[in-house]
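Novice: Residue numbers (the working numbering), protein chains in the order written: chain A, 130 to 386; chain B, 690 to 1015.
Just so you know, these hints were derived from the structure itself, not from any lab.
Owing to the predicted nature of the structure, the values given are computational and were not obtained by experimental measurement.
The beta-carbon is built from N, C-alpha and C at its ideal position, and this holds for glycine as well.
If we take Cβ atoms under 7 Å as the criterion, some of the chain A residues that face chain B in the derived model are: (1) 145; (2) 217; (3) 219.
Below, in silico cross-link-like pairs of lysine to aspartate or glutamate (DMTMM-like), each with a Cα-Cα straight-line distance of 25 Å or less: (4) B:717 x B:696; (5) A:209 x B:847; (6) A:131 x B:812; (7) A:209 x A:384; (8) A:209 x B:771; (9) A:131 x B:784; (10) A:209 x B:824; (11) B:772 x B:847; (12) A:131 x B:771; (13) B:751 x A:384; (14) B:878 x B:760; (15) B:995 x B:915; (16) B:832 x B:867; (17) B:712 x A:384; (18) B:772 x A:384; (19) A:209 x B:784; (20) B:826 x B:778; (21) B:751 x B:910; (22) A:131 x B:824; (23) B:772 x B:725; (24) A:209 x B:861; (25) B:878 x B:805; (26) B:772 x B:812; (27) A:131 x B:847; (28) B:995 x B:867; (29) A:209 x B:790; (30) A:131 x B:790; (31) A:209 x B:701; (32) B:711 x A:384; (33) A:209 x B:778; (34) B:717 x A:384; (35) A:131 x B:805.
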Amino acid sequence: MKVFAIAINTYREAVRNRILYAVVAFAIVLVLLSAFFGAVSIGNQADVIKDLGLFSLSFCGAVLTILSGVHLLYNELAHKTIYNILSKPVHRWQFVLGKQLGLALMVGVMVAAMGLGLVFFVALFEGSLDFRLLQSVVFIVLEMFVISAVTIFFSSLVVTTSLSGVFAFGTYLGGRSIAYLRGYVAQNPEEAEGLQGLVALFDAVLPDLSVFNVHDYIVYGGSLSWAYLGSALLYALTYSAVALLLASLIFAHRELQ
Amino acid sequence: MSSPILELRNLEKSFLSYWLFKKMPAVKNVSFRLPEGAAYGFLGHNGAGKTTTLKCITGILKPNAGDIFFEGVPLSSVQQREKIGFLPEYPYFYDHLSVRESLSFFSKLYGMRGRDAKNRITDVLEQVGLAHKTDAKIRTLSKGLQQRLGLAQAILNDPRLLILDEPFSGLDPNGRADVRGLIIALQNKGTSILMSSHILSDVEEICSMVGIMSQGTLVTEFSLADAEDLFPKRYCLSIGAPREEVLSVSTFAELLSSEQIEFEENSNRLGLTTMYLPDTAAAETALRAALAADLSVQRFDSIGQKLEEIYLSVTSRESSAEAETL
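Chain B extracted, bound-state conformation (with noise of 0.2 Å):
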């Protein structure tokens, strides 16, 4: 494997909540690492810590705790930002600039000066498609050309990092194609690529490694080329429960537990309930089980490794584990 280009060790987070007048942990023990030149997906429901991890890498916000490196070294002078490129989930601009006008600021906040600033500008635009956009006023653009503008501003230093939280929010199925192509032009051109998505397919086109936060923690990480070793072909097996069949289907969770058959169960607040098992043998014993027990089966089929999948698993026995805990 490549050296790490980004590596975070332990890394803590809290904010003070002046309401209750204690810390409360939003990033907690966090450790990975990026190698040089690959694209990692940071994924995790809303108010995992994905953001604000990015928010410390980035330096809007100080760490309480734990080491940032980049390319090898402590990620702590100012400087060694004008190799990373930042997209904010909502990138807001000076609205009263023009598109050229704010890249140009941008571009002197890099160093950048004359005519190497304008050249990079006019590449940079034609880049992200926004070419014919140049002299428009940001308060006209629309909610996706602000998106591009925000990916413009963020590899207008050519980075050998871009950070990119949420880079498909806001994007119509065009602009998330063409954006999706530019990460990857990027990332085949060298770019070493962090971001965050709730988009699990572009994720899994884009990137090669995966982390899933949690509740502030990674609480895994693989190579997607593992994944299937990792994370197995499983059966689903979804029941609908009417309020009055609630009972029903725990009477046959017990059921199943009695049986000695492994399963992980998750319900949502519509009433339905999944259990994911892990063999044929254990699926067609659940199943018959169900039919028998007059459950109104709506689902029931094999899931691979596909990345929305390994999501939602991860994530429901996350889910599961805190609920337990409380």
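Okay, chain A solo, but in the shape it has when bound (with noise of 0.2 Å):
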């Protein structure tokens, strides 16, 4: 109930700031401009703006989820805010977890409406519904769900905004990459001697997000199993957990000055 009420409020919150609305109208400029490069290039039309749009979905989602998350907490206890929450019968991991998931639901909101948008943008060069697209959409969510995990730990961990965005988007590429990295380092044990013990850590260490890429799947006429939708769902939910208990951690012991 509590966690609920943190997390109703933190979305109203958030879908008030206007980075949200900058970071929707650069979604759908990307959107419209993959009309051209899907004119422009080699292959089906619809195809590449199912690409390229669902990819300025996920790009242009994390962007939201780091930018609005850094400033969650910080807005907090810049404005002190915070006093009137924790001076209530309220645990702080309580309101670390309303946050994640305030933060959550509005970026899904977004990513789902956007994603509705690219299925009825794609139908007028295809000229029919392609909803296999909103699967896509879901993995990008659970992506979602674990960025902004990961930037409210960074953001109970360092005091500046523009460091915890720093992390948070570093963590965003390196989870993003850490999959060719490993790919990479298997398939040249010899040239990536030196790298092996540094992709073992980020592999230990980052999100492995290619587990929610599954653009080309979609676009490309695959079609993913239930199990996989589990396993992903699984595997956001957990590493979530762990990113935020640990921000639980720091945020319980943090000095609220």
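Hints in hand, dock the two standalone chains.
Specialist: Structure, rendered in structure tokens:
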């Protein structure tokens, strides 16, 4: 109940953020541009629009999550609204979890709305609605859930928004690249000899966001099983739970001057 | 004396200064008891440690040492805060919410639901005089109305202990009178009050006990009913000291010392030196000596048990002691 009250309040606060509308506008521009790239590239124009459109959703979703997320805890501390909350019978972990759920809800709603927009946009070129794209949107939402947990973790750890933003974005890029790095090290063991330790460390710490990158399967006619969705969901929840647990532990000991 | 609803034992809190690489003590060894149903005024200059102490009690800060007891048991569980209300010094809110939405949010944090929460919010808005602003967005409220909203959220849970950090800040005289009346009404209903304020007349009107903090320590605490015995009538002699007279004032102080007249001295930045003298004989001697030395006497009168005089006397003594230590 308390967690949901904080989550709904966070959602209402987050949707008022002007950053959100700037990022959504940017995503729409990218999707519109994809039509142009589709027209000038070799291959099916609709597939190019889908591919670029889903990439735009994913990238802009991450930017939105990080930009909104880094301000959540910071604003509560800077505006001292947190005093009115933590002086009530509220555990700090409830506050952290509420923030996560509110942020994830906001990003989820935005990504879902943009995903639906993409389906209709693609229909202008294909002549029919391809609702399979929404499968990919579900995976993007899961990815954003992980990114928001990571952002809240860094916000609880460091004081400035810029620093937590840099760390969170670095984690996003690292998480997106870890599968490629892993593959590179496996295929080129001699060339990558010095990198093996580092890649193993990244592999252990960073979220493997390639789990959620299913655009190619969807766009080029592949199908995803419920089992894969289940494993991706489990992965997102597990990784986020660990990040939020650490965030709660850190936040529980943080001085709120 | 009734059992304490709140008790602090040797509370300590320090903050790490990243620049100086050392811990800066903010609260040092503070102990006091707030009897059930009483109102306790927490006084002290800015930076004395009052707000830090209140934040430790409300769980916003974690003490480095010492114990806090609420209703006789250690204040360690979050659930105990269901019986405590807190008004921070600057009660900031989510300004996109309306007054009712904001209180509805806080009611959920107290675990209130449905009609009970709705009715309680309506009651509280009536109590603090915000019933006509129910649907107003918080950003449109004046500072005084926001302070009332702060009080509303602090009493939403009908607390047994109400902690108020500068409850009169930003209020106009009418608002102050209203809030004062409300606090007194709550206290009459049995709510225990712990409040910090710089407005000593209000503290005097509301509180039965007073504690004065200075430099992080609780230097004195007393019941206002006992103030007359603890702080007997004294005389106050203020001497204006333009720059060229500074020497004369110090010579004058030496003269009083040589005549074995006890006094406390307090100089302000404007060059006014005030001497507090313990009895009529000493006061008359000092006045005669001041006039003979051709010093400009700005004020000479007896001071009673007004809280302001006690406060100034205690804090000036502490400042002098600190200056001597340095």
